[in-house]
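*Asks:* Sequence:
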Amino acid sequence: MKQILTRLLIFVICCIMCIHTFSISTHSVIYILLAIILAFGTILIADRLSPAALTLIHAGIFILCCMIPELVVFLPLFCFYLSRRPVRYTAPIGILAIILATTKFSVETLLLICVLCLCSMLYGYLTTELATLHQQMKHLTDTSETNELLAKERIRMIRKEQDNRIYTATLKERNRIAREIHDNVGHMLTRSILQVGAIQTINKEPILANPLSDLRTTLDTAMNSIRSSVHDLHDESIDTKAAIQDMLNDITGFHTSFEYDMSNIVPKDIKYCLISIAKEAITNAVKHSNGDQLSILIREHPGFYQLTIHDNGTDIHLTDTPGIGLTNIRERVQSLSGTLQITTNSGFRLFVSIPKHTQKGDRTA
1 MKQILTRLLI FVICCIMCIH TFSISTHSVI YILLAIILAF GTILIADRLS PAALTLIHAG
61 IFILCCMIPE LVVFLPLFCF YLSRRPVRYT APIGILAIIL ATTKFSVETL LLICVLCLCS
121 MLYGYLTTEL ATLHQQMKHL TDTSETNELL AKERIRMIRK EQDNRIYTAT LKERNRIARE
181 IHDNVGHMLT RSILQVGAIQ TINKEPILAN PLSDLRTTLD TAMNSIRSSV HDLHDESIDT
241 KAAIQDMLND ITGFHTSFEY DMSNIVPKDI KYCLISIAKE AITNAVKHSN GDQLSILIRE
301 HPGFYQLTIH DNGTDIHLTD TPGIGLTNIR ERVQSLSGTL QITTNSGFRL FVSIPKHTQK
361 GDRTA
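Following my numbering, the numbering of the sequence shown begins with 1 at its first residue and continues without gaps.
Errors might be hidden in some of the hints.
[Claimed, not checked] Ranges between beta-carbon positions, derived for each pair:
#1 L118 to L140: 49 to 57 angstroms
#2 E300 to N147: 50 to 58 angstroms
#3 L111 to I19: 15 to 23 angstroms
#4 N249 to R159: 19 to 27 angstroms
#5 I177 to D292: 41 to 49 angstroms
#6 E161 to S335: 31 to 39 angstroms
#7 I95 to I37: 18 to 26 angstroms
#8 I95 to L126: 16 to 24 angstroms
#9 R159 to L126: 42 to 50 angstroms
[Unchecked claim] Using 20 angstroms as the maximum straight-line C-alpha spacing, the simulated EDC-like pairs for lysine to aspartate or glutamate come out as follows:
#10 K271 to D292
#11 K356 to D246
#12 K268 to D292
#13 K241 to D214
#14 K271 to D261
#15 K279 to D250
#16 K241 to E300
#17 K268 to D246
#18 K268 to D250
#19 K356 to E331
#20 K172 to E161
#21 K152 to D142
#22 K279 to D214
#23 K160 to E300
#24 K160 to E148
#25 K241 to E161
#26 K279 to D269
#27 K279 to D261
#28 K138 to E148
#29 K172 to E280
#30 K172 to E153
#31 K160 to D142
#32 K268 to E331
#33 K172 to D183
#34 K287 to D246
#35 K241 to E280
#36 K356 to D261
#37 K204 to D214
#38 K241 to E259
#39 K287 to D250
The hints are simulated quantities; they were obtained by calculation from the structure and are not laboratory data.
The C-beta atom is built at its ideal place from N, Cα and C for all residues, glycine as well.
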């Protein structure tokens with residue numbers, strides 16, 4: 001828009017000089033119309049033309065000015081692109097046109113034409129430089145935003161990796177504590193219970209019967225409490241992601257992919273179910289599938305857990321009587337009020353969804 005307004009201003013000045021020189025006549029009107037067509041036609045198509053085509057157009061316009069000296073008065077309109085290479089090489093033709101027009105215009109008019117030509121060239125140069133700087137700034141802004149997004153993504157991945165390491169270390173520590181409690185405290189309590197039982201058997205004093213019975217009850221309660229705590233710690237130490245990833249690492253002949261998107265708080269029954277289904281599906285794929293790609297997706301949604309297992313095998317034969325593996329999978333899913341869908345349109349796909357509300361009363365890890 002600014003270019004058009006600037007050219008309109010130059011055009012008005014050129015029209016005033018044309019009317020002042022030739023007065024209002026048919027020729028002056030023709031010159032004005034021809035200048036409008038050439039100047040503003042060039043504006044409309046300049047950005048779509050190659051540098052060579054733009055150079056040829058300017059050379060043709062300047063040659064036309066040499067042939068019709070009266071058009072020299074509109075020469076400033078065509079100097080806007082003279083700062084560009086290789087259009088600038090047509091400048092000598094424009095200078096020649098001005099020299100040939102000395103018989104048509106006064107010295108003052110020619111000087112004003114030259115000044116306007118220089119102003120037009122300068123404005124064109126500044127406009128081109130400004131557009132280049134604007135493009136560079138836009139590129140830098142885009143690059144900066146891209147780098148910022150990449151940096152944020154790296155930070156997010158680093159934090160996620162740190163959280164995963166902390167979580168894995170926590171699970172290992174829980175497993176170690178559970179094992180030590182079982183091996184040390186559990187064995188000592190078991191020995192103590194056996195010793196008290198032996199003492200009760202050989203005891204001949206009635207006065208000691210009740211204390212020994214109370215001691216036996218206390219030890220049994222402590223043993224049950226220890227056993228429950230060990231089981232809870234063991235359940236909490238189950239890493240679903242690591243367990244399934246280990247299964248995938250052990251198979252050959254498949255390009256595997258595994259996507260896991262679950263929180264750290266997952267009911268133990270859900271963990272056992274997902275691991276068992278994944279193990280059964282991987283075993284079936286290795287034994288029966290003729291495909292070479294196997295993907296597993298485990299994702300937690302607001303209302304349910306999702307497990308999707310897909311392989312690209314084509315030799316699929318589902319019968320009315322499913323095998324033991326699929327039967328076990330179906331029973332596990334149904335025990336948690338979930339749904340199981342199996343499709344064979346593009347390979348074998350197993351989709352499991354388990355609602356969360358069925359696990360409200362369960363102990364979570």
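*Asks:* Does the alpha-carbon distance linking K241 and E300 stay inside the 20 angstroms limit?
*Replies:* 13 angstroms, holds
*Asks:* For the pair we were handed, K356 and E331, check the Cα-Cα distance against 20 angstroms.
*Replies:* The given pair, whose Cα atoms are some 18 angstroms apart, holds under the 20 angstroms limit.
*Asks:* Is the hinted pair K172 and E280 satisfied, with a Cα-Cα distance of at most 20 angstroms?
*Replies:* Cα-Cα ~25 angstroms, so violated.
*Asks:* For a C-alpha distance cap of 20 angstroms, please report whether K279 and D214 respect it.
*Replies:* Not satisfied, since the Cα-Cα distance of roughly 47 angstroms exceeds 20 angstroms.
*Asks:* Take a quick look at whether K172 and E161 sit within 20 angstroms of each other, Cα to Cα.
*Replies:* 16 angstroms, holds
*Asks:* Take a quick look at whether K268 and E331 sit within 20 angstroms of each other, Cα to Cα.
*Replies:* 17 angstroms, holds
*Asks:* Taking 20 angstroms as the top limit, are the C-alpha atoms of K241 and D214 close enough?
*Replies:* 46 angstroms, violated
*Asks:* Within 20 angstroms, alpha carbon to alpha carbon, are K268 and D292?
*Replies:* 32 angstroms, violated
*Asks:* Would you check the hint for K279 and D261, treating anything up to 20 angstroms between C-alpha atoms as holding?
*Replies:* Holds, because 18 angstroms separates the two Cα atoms, which is no more than 20 angstroms.
*Asks:* Is K287 close enough to D250, meaning Cα to Cα at most 20 angstroms?
*Replies:* The hint holds at about 14 angstroms.
*Asks:* Are the Cα positions of K279 and D250 separated by 20 angstroms at most?
*Replies:* Distance of about 11 angstroms is within 20 angstroms: holds.
*Asks:* Starting from the range 41 to 49 angstroms, see whether the pair I177 and D292 falls in it by beta-carbon distance.
*Replies:* At roughly 43 angstroms between Cβ atoms, D292 and I177 fall inside 41 to 49 angstroms, so the hint holds.
Checked against the numbered hints listed earlier, the structure breaks hints 1, 2, 10, 11, 12, 13, 18, 22, 29, 30 and 31; every other hint is satisfied.
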